[in-house]
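Given only the sequences and the hints, what does the whole structure look like? Please build it.
So the sequence lines, in the order shown, correspond to chains A and B.
Letter by letter, the first sequence follows residues 1 to 355 of our numbering.
Letter by letter, the second sequence follows residues 1 to 248 of our numbering.
Source of the hints: derived by calculation from the structure; they are not laboratory data.
The beta carbon of each residue, even a glycine, is placed where N, CA and C say it ideally should be.
Any given hint could be a false lead.
Unchecked claim - A short list of chain A residues far from chain B (calculated; beta carbon distances all over 12 Å):
#1 Glu36
#2 Gly67
#3 Lys187
#4 Ala290
Claimed, not checked - The list that follows gives simulated cross-link-like pairs (lysine-lysine, DSSO-like), each with its CA atoms no further than 30 Å apart:
#5 Lys297/A x Lys347/A
#6 Lys188/B x Lys201/A
#7 Lys2/B x Lys188/B
#8 Lys248/B x Lys201/A
#9 Lys192/B x Lys2/B
#10 Lys228/A x Lys217/A
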Amino acid sequence: MLGDKVLMVGNEAIGEAAIRAGCQLYFAYPITPQSELPQLLARRMPEEGRVFLQAESEVAAINIVYGAAGAGARVMTSSSSPGISLKQEGISYIAGAELPCVIVNIVRGGPGLGGIQPAQSDYFQATKGGGHGDYRLIVLAPASVQEMVDLTALAFDLADKYRNPVMVLGDGTLGQMMEPVEFGDIKAEIPSKPWATTGRKGRARNVINSLYLDPNKLEEHNWHLQAKYRRIEGAEVRYDSFNLADAQLVVVAYGISARIARTAIEMARADGIAAGLLRPITLFPFPTGAIAQAAEKAAAFLSLELSAGQMVEDVRLAVNGRRPVHFYGRTGGIIPTPQEVYEEIKKLAGEEVAK
Amino acid sequence: MKVVFERPQALSDVTTHYCPGCTHGIIHRLVAETIDELGILERTIGVASVGCSVLAYDYLECDWQQAAHGRAPAVATGIKRALPDSIVFTYQGDGDLASIGTAEIIHAANRGEAITVIYVNNTNYGMTGGQMAPTTLVGQVTTTSPRGRDTKEAGYPLRMAEMLATLKGVNYLARVAVNSPANIMKAKRAIKQAFTVQVEDGGFALVEVLSTCPTNWRLDPVEALKWLDDNMIPYYPLAEFKVSGEVK
Numbered sequence: 001m002l003g004d005k006v007l008m009v010g011n012e013a014i015g016e017a018a019i020r021a022g023c024q025l026y027f028a029y030p031i032t033p034q035s036e037l038p039q040l041l042a043r044r045m046p047e048e049g050r051v052f053l054q055a056e057s058e059v060a061a062i063n064i065v066y067g068a069a070g071a072g073a074r075v076m077t078s079s080s081s082p083g084i085s086l087k088q089e090g091i092s093y094i095a096g097a098e099l100p101c102v103i104v105n106i107v108r109g110g111p112g113l114g115g116i117q118p119a120q121s122d123y124f125q126a127t128k129g130g131g132h133g134d135y136r137l138i139v140l141a142p143a144s145v146q147e148m149v150d151l152t153a154l155a156f157d158l159a160d161k162y163r164n165p166v167m168v169l170g171d172g173t174l175g176q177m178m179e180p181v182e183f184g185d186i187k188a189e190i191p192s193k194p195w196a197t198t199g200r201k202g203r204a205r206n207v208i209n210s211l212y213l214d215p216n217k218l219e220e221h222n223w224h225l226q227a228k229y230r231r232i233e234g235a236e237v238r239y240d241s242f243n244l245a246d247a248q249l250v251v252v253a254y255g256i257s258a259r260i261a262r263t264a265i266e267m268a269r270a271d272g273i274a275a276g277l278l279r280p281i282t283l284f285p286f287p288t289g290a291i292a293q294a295a296e297k298a299a300a301f302l303s304l305e306l307s308a309g310q311m312v313e314d315v316r317l318a319v320n321g322r323r324p325v326h327f328y329g330r331t332g333g334i335i336p337t338p339q340e341v342y343e344e345i346k347k348l349a350g351e352e353v354a355k
Numbered sequence: 001m002k003v004v005f006e007r008p009q010a011l012s013d014v015t016t017h018y019c020p021g022c023t024h025g026i027i028h029r030l031v032a033e034t035i036d037e038l039g040i041l042e043r044t045i046g047v048a049s050v051g052c053s054v055l056a057y058d059y060l061e062c063d064w065q066q067a068a069h070g071r072a073p074a075v076a077t078g079i080k081r082a083l084p085d086s087i088v089f090t091y092q093g094d095g096d097l098a099s100i101g102t103a104e105i106i107h108a109a110n111r112g113e114a115i116t117v118i119y120v121n122n123t124n125y126g127m128t129g130g131q132m133a134p135t136t137l138v139g140q141v142t143t144t145s146p147r148g149r150d151t152k153e154a155g156y157p158l159r160m161a162e163m164l165a166t167l168k169g170v171n172y173l174a175r176v177a178v179n180s181p182a183n184i185m186k187a188k189r190a191i192k193q194a195f196t197v198q199v200e201d202g203g204f205a206l207v208e209v210l211s212t213c214p215t216n217w218r219l220d221p222v223e224a225l226k227w228l229d230d231n232m233i234p235y236y237p238l239a240e241f242k243v244s245g246e247v248k
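Okay, structure coming up:
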């Protein structure tokens with residue numbers, strides 16, 4: 001076992017955290033920039049008496065996850081953007097059949113084959129469903145290697161609690177960078193799953209299914225799912241803040257972008273600009289209430305993303321027209337420097353805050 | 001009075017949705033008899049696929065998972081890896097297994113995944129209205145091959161059993177038909193063998209079952225049985241292709 005504090009790259013930290021959280025099976029297909037994760041688990045899972053299987057495709061991997069999750073096991077798969085697109089069919093079935101599982105997306109630039117450098121351009125896909133039908137994943141966005149550990153453990157618990165797929169949405173930077181982490185006492189508390197298909201001995205038979213040919217039944221099932229998502233929105237919003245209390249310009253950023261934003265905000269504060277950070281940790285449920293509350297005092301918002309502008313739509317919905325919401329982003333694997341972000345904050349402060 | 005014939009315990013006491021003359025019902029019964037005879041109902045998990053047999057979970061009394069189109073062997077892999085002591089089988093049609101699910105069936109077979117696959121071949125997509133499948137015979141008219149299957153456009157009917165027999169991971173592989181009492185008896189023996197392989201931890205087993213589709217073939221049930229004999233069996237010969245991992 002690892003000691004108290006160790007240096008690890010993000011991808012490996014997720015794997016080690018998953019083992020400690022009681023992940024019994026892991027299925028994946030190779031793709032950059034997350035390959036350290038299957039490589040670690042190919043070695044570590046058998047050491048722990050658990051299952052590692054390299055599937056023939058992302059499509060197969062997510063459907064193997066479906067089978068194992070339906071059989072009651074704690075199960076995880078991981079990939080990066082193009083591979084996550086391939087998994088969408090299976091994710092829709094998993095959401096429809098209400099199976100708990102953890103899906104890691106170490107995002108790279110798109111669309112298409114895109115590139116292998118970090119991006120946050122899968123935000124829509126992750127938070128709005130991704131596949132067909134009305135469904136939501138719980139989406140957790142770590143901003144450090146330590147949070148990759150903590151949120152991976154949380155992901156398994158939330159998946160079981162709500163019988164819902166949970167996505168850990170990282171990016172190529174977080175996956176590849178090395179930071180000190182502590183694993184603390186992650187508990188593998190797996191609840192009983194009386195709905196799982198484990199063989200019908202001693203009970204009525206169980207069926208894992210997402211098919212409802214009767215439209216009334218399918219509508220009923222959809223309202224049941226929606227009620228669950230509303231419960232999740234009520235109970236599971238998580239966010240962090242930095243210099244937010246008196247902020248006139250609120251930067252909203254998650255993951256690696258939030259790290260850059262924080263440095264830029266420190267630079268702005270040194271210039272006397274009242275900038276602050278609101279960092280969503282859960283992207284679904286989105287911290288709509290916290291942003292609405294910040295809009296009471298702040299003059300303007302800036303959504304900072306490694307995309308062409310995706311989360312900014314949710315920030316606008318939360319602000320609901322009461323304040324201007326700006327966007328700054330880089331795409332294709334380009335990461336803005338703190339100086340670039342600082343310049344943007346300074347420009348907006350001149351335009352919005354001074355008024 | 002002595003009971004000489006009754007519903008297998010594993011077969012649900014319901015009316016199926018299958019068309020008159022369709023042989024899915026016979027195949028369901030053979031699987032149910034096998035589950036009864038091997039005493040495995042309480043540890044069997046079926047995987048239903050997409051197609052006419054999508055509702056198979058309503059007809060057999062075991063636990064079930066319903067899989068996405070073609071993905072049943074992947075779903076079965078997940079169940080079996082999570083619960084190695086369970087008996088896991090898929091029930092798939094030819095559109096499901098031989099078209100959209102070719103990757104999943106080949107790799108599950110190649111891994112020697114300890115599952116049983118019941119592969120029902122009726123040469124068309126029955127559920128969606130009788131479209132051409134990879135198994136549709138040359139010249140056969142379907143709703144998407146209205147002039148008959150043309151090999152220049154659509155290639156040749158896929159012989160899945162022969163293809164899969166080349167894989168070392170396969171323990172047992174047979175093709176049977178359910179169009180006559182004699183063939184049904186042979187089909188029963190093959191299906192029972194395919195489950196027995198799994199019970200005895202032998203690895204991957206598959207039975208291809210030639211089945212009729214009177215509705216989409218535009219034939220009455222008796223004509224359909226004869227059509228299967230005259231047209232399908234010459235192209236899809238009945239045989240055990242692999243037994244105990246050895247090519248026959």
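For each hint, the structure was consulted:
no.	hint	in the structure
1	Glu36	holds, 23 Å
2	Gly67	violated, 2 Å
3	Lys187	holds, 21 Å
4	Ala290	holds, 37 Å
5	Lys297/A x Lys347/A	holds, 20 Å
6	Lys188/B x Lys201/A	holds, 25 Å
7	Lys2/B x Lys188/B	holds, 24 Å
8	Lys248/B x Lys201/A	violated, 38 Å
9	Lys192/B x Lys2/B	holds, 25 Å
10	Lys228/A x Lys217/A	holds, 17 Å
Hint violations for this structure: numbers 2, 8, all remaining hints satisfied.
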